[in-house]
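Asker: Sequence:
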Amino acid sequence: MLKDLGTPAKGLVRAAGLPREIRRRRAILALVILASFTLIVLDARRSAGSPVEPLRHAAASVFGPLESAGSSARQPVDNLRDRFAEVDRLKAENEKLQADNEKLTTELRSTDYARNRAAELDRLLEVAPNYTITPARVIGIGGAQSFNHTVTIDAGTADGVRPDMTVLNGDGLVGRVVRATEGTSTVLLIGDRNSTVGGRLNSTMALGFVSGRGDVTGSLDYKLVDLKARPKVGDRIVSWGSSGNAPYVPGVPIGEITAVTPNEGTLGSTALLKPFVDPTRIDTVGVVTGPPARPPRATVSPEKGG
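Start counting the sequence shown at 943; every next residue gets the next number (my numbering).
Think of the hints as simulated: they come from the structure by calculation, not from any bench. Keep in mind it's a predicted model, so treat the numbers as computed, not measured. Worth double-checking, as some hints may not be accurate.
Derived DEER-like restraints, expressed as beta-carbon distance ranges [stated by the list, open to error]:
1. D1220 with R1104: 56 to 64 Å
2. K1038 with A1100: 44 to 52 Å
3. R1025 with T1222: 52 to 60 Å
4. N1058 with S1145: 17 to 25 Å
5. K1038 with R1065: 22 to 30 Å
6. T1123 with D1030: 53 to 61 Å
7. P1105 with K1170: 32 to 40 Å
8. P1192 with R1172: 17 to 25 Å
9. T1123 with V1158: 39 to 47 Å
10. T1222 with A1041: 46 to 54 Å
In silico BS3-like links for lysine-lysine, alpha-carbon gap of 27 Å or less [as the list claims (entries may be wrong)]:
11. K1045 with K1033
12. K1165 with K1216
13. K1216 with K1170
14. K1216 with K1174
For every residue, glycine included, the Cβ atom is placed at its ideal position computed from N, Cα and C.
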């Protein structure tokens, strides 16, 4: 009977012990929370007498060197990463600057070319102000048929250009058209061996003939018709024109005399002529496609005496 009563007593002890353990744990948790709150309140004072200050100093002396060592070890890696980022940024900036520079250079070159061509067109009007001029641009250089010194221009029959038309630029006489297609024309330069132009001395109005030498410089020979005429160095020669203004119109500057030599024969003095047009720098030219409007000729009559 006593044995039967003992078993329930042991069960009662376990049932009573379980709530006591829970209460103990709760009491410990409450004490920890209270202690933490107390430390927070005391540390909030931020005074030298704070009981937490020694702990803070101890933690700083322990963990401070470790943090410094970690920062020092990490610094080279951070610096290397920043350096790569800086290199990438500078490279991108350099590429952008190069692209901008190339764009500005292209615009500058095209602007200069447009300005130069506009200036040449203005000078064309000054050289032959009374003629109808069709502007063109040199697009090729080389031989055509049996000619040696020729250029190709981007104007043809569709623009009113025909063979035996005068070609000039802002400096003077370039040559004459020898062949024309719908969109292009071949121009024989006055420096070619097969070229002969009637030329007049500006100073004395003496007539002569200008012939090409066929050399690279475009030098010209000038032979006077008048045996008594004596050209001088520095004299300028202009075209005296052809019948019907073909192939050359009158009054176009040709060149300047640089040397004079006596000539034996049917013609008078022979002079060396430097052309005003540089055959190696021809770009914008004008083709004389129409004569000037012919004004009525004035009549001249002798004065009647009184």
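Asker: Evaluate each hint against the coordinates.
Answerer: Outcome of the hint check:
1. Taken as a hint, the range 56 to 64 Å is violated for the pair D1220 and R1104, whose Cβ atoms sit roughly 26 Å apart.
2. For K1038 and A1100, the hinted distance range of 44 to 52 Å is satisfied, since their beta carbons lie about 45 Å from each other.
3. Evaluation of the 52 to 60 Å hint for R1025 and T1222 yields a pass: the beta carbon distance comes to about 54 Å.
4. Restraint check, N1058 to S1145: a C-beta distance of roughly 32 Å breaks the suggested window 17 to 25 Å.
5. In this structure, K1038 and R1065 break the distance hint of 22 to 30 Å, their C-beta atoms being roughly 41 Å apart.
6. Between T1123 and D1030 the beta carbons are some 57 Å apart, a value that agrees with the proposed interval 53 to 61 Å.
7. The given range of 32 to 40 Å is respected by P1105 and K1170, whose C-beta atoms sit roughly 37 Å from each other.
8. Here the CB-CB span from P1192 to R1172 is close to 23 Å, well matched to the stated 17 to 25 Å.
9. Taking 39 to 47 Å as the suggested C-beta distance range, the pair T1123 and V1158 does not conform, at roughly 27 Å.
10. Taking the beta carbon of each, T1222 and A1041 are about 34 Å apart, not inside 46 to 54 Å as hinted.
11. Straight-line distance between C-alpha atoms of K1045 and K1033 comes to about 18 Å, which keeps the hinted pair within the 27 Å bound.
12. At most 27 Å may separate the alpha-carbon atoms for a hinted pair to count; K1165 and K1216 meet this at roughly 14 Å.
13. Simply put, K1216 and K1170 have alpha-carbon atoms about 23 Å apart, close enough for the 27 Å limit, and the pair holds.
14. Between K1216 and K1174 the CA atoms are separated by roughly 13 Å; this keeps the pair inside 27 Å, and the hint holds.
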